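Residue numbers (this note's numbering), protein chains in the order written: chain R, 1 to 117; chain Z, 1 to 117; chain S, 1 to 148; chain F, 1 to 148.
If you are wondering where the hints come from, they were derived from the structure by calculation, not from laboratory data.
Check the hints yourself; a few may be wrong.
Below, simulated SDA-like cross-link-like pairs (lysine to any residue); rule was C-alpha separation at most 20 Å, straight line [to be verified]: (1) Lys130/S with Ala26/S; (2) Lys69/Z with Lys8/F; (3) Lys98/R with Gly62/S; (4) Lys19/Z with Glu104/S; (5) Lys31/R with Ser15/S; (6) Lys95/F with Met93/Z; (7) Lys69/Z with Glu106/F; (8) Lys102/S with Ala32/R; (9) Lys102/F with Tyr68/Z; (10) Lys31/R with Glu16/S; (11) Lys8/F with Tyr99/S; (12) Lys98/R with Tyr99/S; (13) Lys69/R with Glu104/S; (14) Lys8/F with Ser15/S; (15) Lys8/F with Ala26/S; (16) Lys8/F with Lys102/S; (17) Lys8/S with Glu104/S.
Chain F regions said to be covered by chain Z (calculated; three or more residues, Cβ under 8 Å) [said to hold, decoys possible]: (18) 61-67; (19) 93-106; (20) 113-121.
Bear in mind the structure is a predicted one, so any value in this text is a computation, not a measurement.
All C-beta atoms in this analysis are idealised placements derived from N, C-alpha and C, irrespective of residue type, glycine included.
What follows is each chain in one-letter form.
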Amino acid sequence: MSLQIEMEHHRKALIVRLKGELDHHNAHLVKARMEEAIEKGDSSHIILSMKDLDFMDSSGLGVILGRYKQITGKGGKMVVCDINPAIYRLFEMSGFFKILTIQDNERLALSSLGVVS
Amino acid sequence: MSLQIEMEHHRKALIVRLKGELDHHNAHLVKARMEEAIEKGDSSHIILSMKDLDFMDSSGLGVILGRYKQITGKGGKMVVCDINPAIYRLFEMSGFFKILTIQDNERLALSSLGVVS
Amino acid sequence: MNEANFMKLQFASKSENEAFARVTVAAFASQLDPTLDELTDIKTVVSEAVTNAIIHGYDNRGDGVITISAEIANDTLYLTVEDQGRGIEDLEQAKQPLYTSKPELERSGMGFTIIENFMDQLEVISSPGKGTLLTMSKRIESKKALYN
Amino acid sequence: MNEANFMKLQFASKSENEAFARVTVAAFASQLDPTLDELTDIKTVVSEAVTNAIIHGYDNRGDGVITISAEIANDTLYLTVEDQGRGIEDLEQAKQPLYTSKPELERSGMGFTIIENFMDQLEVISSPGKGTLLTMSKRIESKKALYN
Ligand SMILES: Nc1ncnc2c1ncn2[C@@H]1O[C@H](COP(=O)(O)OP(=O)(O)O)[C@@H](O)[C@H]1O
Ligand SMILES: Nc1ncnc2c1ncn2[C@@H]1O[C@H](COP(=O)(O)OP(=O)(O)O)[C@@H](O)[C@H]1O
């Protein structure tokens with residue numbers, strides 16, 4: 001019932017892997033960790049991997065939207081990958097697909113950003 | 001959160017494998033299924049395997065004691081095997097080891113009864 | 001499983017209880033033998049309603065009490081989530097997709113929309129200064145129905 | 001996690017709620033970051049107390065109400081389990097290992113003994129015709145204490 005946040009810099013992309021359950025209780029952690037990495041790091045883009053995210057509610061939508069605004073404000077892009085069907089429905093309902101790019105997995109996300117090694 | 005009961009006749013022994021959680025809610029099922037098998041079958045002994053039993057409380061102790069009395073009343077023996085530490089403590093607390101034989105696994109249980117093929 | 005069953009849960013308005021509330025309602029609802037998707041819907045709805053009570057109802061103070069009740073009657077789960085917090089002034093506005101009164105907290109404004117989508121029915125009763133009561137229901141297409 | 005947290009749960013005296021009650025209290029207690037052994041102890045104790053309320057308190061009728069309360073203060077879990085059932089006439093006898101008033105139901109008479117063993121403290125208040133209240137506590141050797 002807890003959340004783990006894993007981060008990896010890959011060329012110009014910051015890969016963020018969320019594992020466990022993302023809700024209001026831990027959304028501020030995701031915000032703080034990502035905000036810091038975006039400000040300090042030299043990544044232009046964010047890849048958000050939800051492969052091992054078992055649960056997410058609208059508090060997750062809020063924190064993702066916040067980071068989307070942050071990275072696009074710096075001229076970067078955000079790609080979300082490995083979304084399970086339940087989270088897909090939340091994205092759909094909120095019209096996120098109009099602004100977010102989604103990809104099946106990290107590899108495709110990287111290549112869509114043109115940062116594959 | 002439910003219980004599965006698997007039964008197998010092996011020579012003169014009835015092997016009963018309990019899987020899941022054994023409590024008051026389903027103890028009567030264990031009683032009914034085992035009672036029937038003991039009465040109808042031609043098994044002299046019972047081997048109770050708890051390898052995949054994740055939870056048991058004192059309702060389990062009651063139904064085991066009941067079957068112990070039933071099989072010994074017919075001159076048979078009862079061997080319990082693959083007990084996890086939590087269930088071991090329940091057995092210990094209730095003095096069950098004075099009457100029940102325990103073995104590490106089914107194979108040893110069978111050979112202790114002298115019914116290995 | 002056909003006789004009505006019920007439970008009522010009360011807990012402190014602390015964010016660590018959001019996961020606890022989800023697990024509890026899901027454990028209760030599992031008596032209806034829902035699919036994994038249905039269970040996720042229910043967990044999400046509980047999470048939305050409880051989070052709203054904490055953030056909006058009690059302004060993130062941990063000293064409020066949140067009450068959940070659940071009843072299973074035939075194949076339907078009836079659910080209520082209640083707080084004695086600040087209440088909602090304009091309910092129609094609150095229910096608009098993407099509307100939030102706390103954008104500074106990075107709220108998405110999607111809570112009510114999600115609840116309405118995932119449940120068959122939602123009724124909200126709220127009085128400013130008194131609190132908010134959500135009454136919901138969801139029919140579970142019980143897998144067991146095939147055998148009974 | 002150091003501020004006190006609490007929850008209160010009420011449910012119908014039906015045997016399908018035994019597992020539900022175990023899961024709920026375990027989910028709440030998990031905030032103390034207990035070991036798996038400690039969590040199993042807590043689940044077992046809840047199972048014993050709730051089963052007793054159902055079988056003995058309410059004589060297996062499903063129309064009674066069982067109330068559980070739990071509080072976490074510092075590193076200790078405080079737990080109560082209450083019914084408004086038949087009550088216990090002779091408490092000393094009831095607590096004897098292997099004593100049961102319902103041997104015909106294959107009860108082992110080990111419920112109270114297990115509760116006393118698995119919890120640090122047990123107090124029983126019971127009045128015949130009125131009901132039974134168990135008050136218990138257990139200190140959790142929090143793994144988190146190492147880091148805080
Ligand atoms: N329990 C509540 N108490 C007070 N206000 C609430 C409550 N639930 C919802 N609201 C109001 O309704 C608005 C919309 O809620 P919701 O759709 O869940 O979005 P969000 O929680 O992201 O703001 C909230 O911003 C708040 O103003
Ligand atoms: N909630 C209760 N209401 C009434 N009687 C109870 C209750 N809990 C326990 N008792 C009495 O105490 C006895 C001992 O309980 P316990 O040690 O749990 O064994 P068991 O449940 O196997 O009978 C019971 O047989 C019953 O007579």
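Hints versus structure:
1. Of the pairs offered as hints, the one joining Lys130/S and Ala26/S is violated, with about 28 Å between alpha carbons and a cut-off of 20 Å exceeded.
2. Pair hint Lys69/Z plus Lys8/F does not hold up; C-alpha atoms about 41 Å apart against a cutoff of 20 Å.
3. Distance hint between Lys98/R and Gly62/S is unfulfilled; the C-alpha atoms sit about 37 Å from each other, more than 20 Å.
4. Between Lys19/Z and Glu104/S the alpha-carbon distance is near 50 Å, which puts this suggested pair outside the 20 Å criterion.
5. Our distance criterion of 20 Å between C-alpha atoms is met by Lys31/R and Ser15/S, whose separation comes to about 16 Å.
6. In summary, the hint linking Lys95/F to Met93/Z is supported, as the alpha carbons are separated by about 14 Å, within the 20 Å threshold.
7. For the given pair, Lys69/Z sits about 11 Å from Glu106/F by alpha-carbon distance, which is consistent with the 20 Å threshold.
8. As the CA atoms of Lys102/S and Ala32/R are separated by approximately 18 Å, the hinted pair is consistent with the 20 Å bound.
9. Our distance criterion of 20 Å between C-alpha atoms is met by Lys102/F and Tyr68/Z, whose separation comes to about 18 Å.
10. With a C-alpha separation of about 17 Å, the suggested pairing of Lys31/R with Glu16/S holds against the 20 Å cut-off.
11. A hinted pair counts as satisfied when its Cα atoms are at most 20 Å apart, and Lys8/F with Tyr99/S does not qualify at roughly 33 Å.
12. With a CA separation close to 18 Å, the supplied pair Lys98/R and Tyr99/S stays within the 20 Å bound.
13. Taking the CA atoms of Lys69/R and Glu104/S, the gap is near 13 Å; set against the 20 Å cutoff, the hint holds.
14. As the CA atoms of Lys8/F and Ser15/S are separated by approximately 16 Å, the hinted pair is consistent with the 20 Å bound.
15. For the suggested pair Lys8/F and Ala26/S, the alpha carbons sit about 17 Å apart, so the restraint of at most 20 Å is met.
16. As the CA atoms of Lys8/F and Lys102/S are separated by approximately 30 Å, the hinted pair breaks the 20 Å bound.
17. For the given pair, Lys8/S sits about 33 Å from Glu104/S by alpha-carbon distance, which is inconsistent with the 20 Å threshold.
18. A count of 0 residues in the region 61-67 of chain F with a Cβ less than 8 Å from any Cβ of chain Z is obtained; the coverage claim is therefore unmet, three being the minimum.
19. As drawn, the region 93-106 of chain F meets chain Z at 4 residues by the rule of a beta-carbon pair under 8 Å; at three or more, the given contact holds.
20. Interface restraint, the region 113-121 of chain F with chain Z: holds (3 residues with C-beta to C-beta distance below 8 Å; minimum three).
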